[in-house]
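Visitor: Take these sequences, add in the hints, and give me the full structure.
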Amino acid sequence: MSEHAVHVDGLVKVFDVPEREAGLAAAAKGLVRRKTREVRAVDEISFTVDPGEVVGFLGPNGAGKTTTLKMLSGLLYPSGGVARVLGFEPSKRQRGFLSRITLVMGNRNQLQWDLPALDSYELNRAIYRIPRERFAPTRDELIELLDIGDLVRKPVRQLSLGERMKAEIVGALLHQPQVLFLDEPTIGLDVTMQKRIRTFVADYNERYGATVLLTSHYMADVEALCKRVVVIHHGRILYDGPLAGLADQFAAYKTIGVALENGHTDLSRYGEVIHTDGDWITLRVPKAETSSVTARLLTEEHVLDLNVEDPPIEDVIELVFAQERPE
Amino acid sequence: MRAMLGTMRAELVGAGGVVERNAYLTKRYIWWDLAWFVWTVANTLTIVFIAKGIEAEGGTLDVEETMTTLLIGAVVWAYLGILFEFLMETVAWERWEGTIEYTFMAPLSRAMHLAGQGVFAVLYGMLRATFLFVICGFVFFDLSMPDAQFFAAFVVLLVASVSFIGIGMMMSVLPLISPEKGTQLGFVAQGTLLVVSGVYYPVDVLPQWMQWIATISPATYALDGARSAILEGEPLTALWGDIWPLLVIGAVSVPLGLWVFSRGETYAKRHGKLKRSG
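Protein sequences appear in the order of chains A and B. In case it helps, the working numbering puts the first sequence at residues 103 to 429. In case it helps, the working numbering puts the second sequence at residues 66 to 343.
Treat the hints with care, since some could be wrong.
Said to hold, decoys possible - Just the calculated beta-carbon pair ranges, DEER-fashion:
#, chain 1, residue 1, chain 2, residue 2, range
1, B, PRO320, A, SER148, 35 to 45 Å
2, A, ARG259, B, ILE278, 39 to 49 Å
3, A, SER262, B, LYS92, 18 to 28 Å
Rather than coming from a laboratory, the hints here were simulated on the basis of the structure. Even glycine gets a Cβ: it sits at the ideal position worked out from N, Cα and C.
Guide: Written as structure tokens, this is what we have:
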């Protein structure tokens, strides 16, 4: 069990959510008898993550991703099942566990709003017991890598979202954690900033052999960082495997891009024309027919260029959520 | 043994970090705090003026002594308020700032986390109480306290602070249970101490059942000890009758406070109450 960095087996989290109808009468009734509904935010999920692995944890809003990450960080107690990180049970708050993990949440902050980030880094140094001789070089290196040297002396409240996120990441990594739980670390950032953070995470993973469990709605993050993805929906795992295999398993079609010598031609007899860009035509064809359609195109048309691709990962993910693969 | 000492040292360093952070935050809001201090001064003066008012209405009393009695009550009460405020903010402020989940994820024992909050509150509260006492007692009213044993009063207040921190820990859990209304509920405990502890009147005037509660309130002994030291010039050695109950209450309230807080933390983590929203 302990050879996995993250081990999750039959993990369950159930919340009692209060609910009532609109209106004064319902509000008054709620004073006497409060109605609650049981919500299974995480429903018996199981997966493992090996040391040094970067895994994408995907799902739509409310799928149970953040709840799972919080259970793995010890911020939420599971209602059932087993969660172990680096051999520790997160809910026990053991120092050996807490000092070797980090959780970065794109919509939360650990840096004090009113203080310069440098002051919050000092607090982390004290709490995480980072020796001074290691703290200063690590801090300075992270600051340099993320290029925020001018920003860490300003109160955090004066930073832009992207700047704040970079400052947050520095704070989260000062103690050089072995396991990173990254919950939407690039949310709301512009593409340049997203790319910078992606590159940084990849570099950190390579340099320290850190294990990363990443949630993101930006497929570019996932494609750049994760060879493997776990897809969760309504608290249940729909897919756990290579990113490349997701399309094989869920997409019933492929796309064929083709450029013809004679320019625009009606290709609808080969498949559904989904896009035309100049001379480049994109067709959607059933997966099973890809080879035969390609062969027909090559023999029947004057093809200048042709490629066969899986559909974009965003489309595949959408399909996964739509299909909810039967057991 | 060495490992234990190392752990203890590291925990103290962590608690020191919490003290340092609170110092930075206080410095950040120092002008607002000064403005708030003006309110505290005004409030204290209002209370001390009651003695003058009674005299003006023809009441017979030793005005100087009554004013000093009321002043001590108001200063101790203001000190208690600061202490509770800081401890209540352990949760409430951090939830507002959105940092609470990270604080609860940090590798620092809850005891040291809360101790860090408490130590800063005591340091800051003592400083504030001293200024309040000097400004109201000497600058504004020019009260005479020729026999006052200020050091003894200071020690009594310091010993009482341990119990106050224990009670503050219990109250600080309320915003964990109810993010919306928990902080306000903390004033219930504070208000109860105000009524029963003889802040502005002797405990003897209370109904018997309230006097029973007064015997387990650390504020009762803190006020009694501070008044004995300042008004009657009692040295520290003569204040043992107030100090030992404070030590006993402190020995009970701190572990109890930690236990209550840990129960609250467990509840919050079971029900997802740490987050502000979402």
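Visitor: Each hint: holds or not?
Guide: Evaluated hints:
| no. | hint | result |
| --- | --- | --- |
| 1 | B:PRO320 with A:SER148: 35 to 45 Å | holds (40 Å) |
| 2 | A:ARG259 with B:ILE278: 39 to 49 Å | holds (44 Å) |
| 3 | A:SER262 with B:LYS92: 18 to 28 Å | holds (25 Å) |
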